[in-house]
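As given, the protein sequences belong to chains A and B, one line each in that order.
Numbering-wise (UniProt numbering), the first sequence opens with residue 1 and increments by one.
Numbering-wise (UniProt numbering), the second sequence opens with residue 1 and increments by one.
Take these hints with a grain of salt, some might be off.
A pair holds if it fits inside one copy or across any two, identical chains being indistinguishable in the list.
[Said to hold, decoys possible] Straight-line Cα separation of at most 30 Å, DSSO-like style, residue types lysine-lysine; simulated pairs: (1) 15 x 153; (2) 2 x 81; (3) 8 x 81; (4) 152 x 56.
Hints are computed from structural coordinates only; laboratory data are not their basis.
Small disclaimer: the values here were computed from a predicted structure and weren't measured.
One-letter residues, chain by chain:
Protein chains: 2
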Amino acid sequence: MKEVSYSKALSYFGKPSRVVLAICYDRKNERSNPIALGWKMQTSIQPPMVAISVGKTRYSHKLLMETGEFVLAVPGGDNAKEVLFCGTNSGRNIDKLRETNLTPLKAKFIKPDLIKECVVNLECKVSGYFDTGDHTIFAGEVLTSWISEEEKKVLISVGSEEGYQLLLEEKGYRLGVIRG
Amino acid sequence: MKEVSYSKALSYFGKPSRVVLAICYDRKNERSNPIALGWKMQTSIQPPMVAISVGKTRYSHKLLMETGEFVLAVPGGDNAKEVLFCGTNSGRNIDKLRETNLTPLKAKFIKPDLIKECVVNLECKVSGYFDTGDHTIFAGEVLTSWISEEEKKVLISVGSEEGYQLLLEEKGYRLGVIRG
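Pulled out of the complex, with its shape left as it was, chain A reads as follows (with noise of 0.2 Å):
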């Protein structure tokens, strides 16, 4: 074993990893904001429960501070542009759904949209958040889930192994979908 830094160490821990979506809903906006995450989990059988990590100046940490509410929502390899722009724009001046031509639709239980294009979208109450570092542990628990009629592979943030299919490498973000 040799000593590494930890962010050499993440090249191996850290990838690759499914990305998520989390739709928050923004009430002064009126409209649902979804962000780009690498940091998830499932968190309890039963109840069913998940749980995210979020930036503590990411915007959406904002919004879930004053909502409680989140979907998770798994996206599909067809959208990695618009995973992309997700992950790297703020939804404070930027209607985040209009730009990327991604399509809400009600959910049954929360306030924030799913998202049409989504291979899985879970509605999520938080039941408690945490403090860890510069980032807050939001723990949901899944009220009711839904999956896509259309069968498509699911967004995956590669690193350099190989078997994986790189579709999209921009702006420190690599991804992709498991070849085959």
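Use these hints to put chain B onto chain A, whose structure you have.
Same frame as chain A, but now just chain B:
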């Protein structure tokens, strides 16, 4: 979009996902105890932090509460059998490292051992924990990082997607590596 059960949605959301080992120190039995985990994420850049979600009934949950330290290790494809063993046996009565022939190496800052066969080992100090349903999220600050000098593919919990090579399927586990 079609409304489905959470377990159905999980087959799209939950996999593929990297499997890790968390190694805690068992003071009573004076040994390191590795547990297999699927639920983990990064959660801070500065300071570097990771989060793991551990079932409340697990022996490692008790050890984490007692000691506040863990090693987060990324196993390779050649460790599938050992990871299955660590995920399906309790350390209460078994010395998992001895049973699996995984090789412990002294960590630099904390008491639990690193695992020589793993691709990455992160030494982590618990900075806080947080109840979420039937699991607890433990946030850990990464004190230092180690990588193996041997290149190998990381172990992945695979679904039914193409592009992965299934190595082992047993007791509800489906473990594999990326093709290519």
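Outcome of the hint check:
For the identical chains of this complex, residue 15 and residue 153 are neighbours both inside a copy (17 Å) and across copies (12 Å), given an alpha-carbon limit of 30 Å. In this assembly of identical chains, the alpha carbons of residue 2 and residue 81 lie at most 30 Å apart only when taken from different copies (25 Å versus 37 Å within one copy). In this assembly of identical chains, residue 8 and residue 81 lie within 30 Å of each other by CA distance both inside one copy and across copies; the values are 27 Å within and 27 Å between. In this assembly of identical chains, residue 152 and residue 56 lie within 30 Å of each other by CA distance neither inside one copy nor across copies; the values are 33 Å within and 35 Å between.
Figure legend: structure checked against the earlier numbered hints; the only hint not met is number 4.
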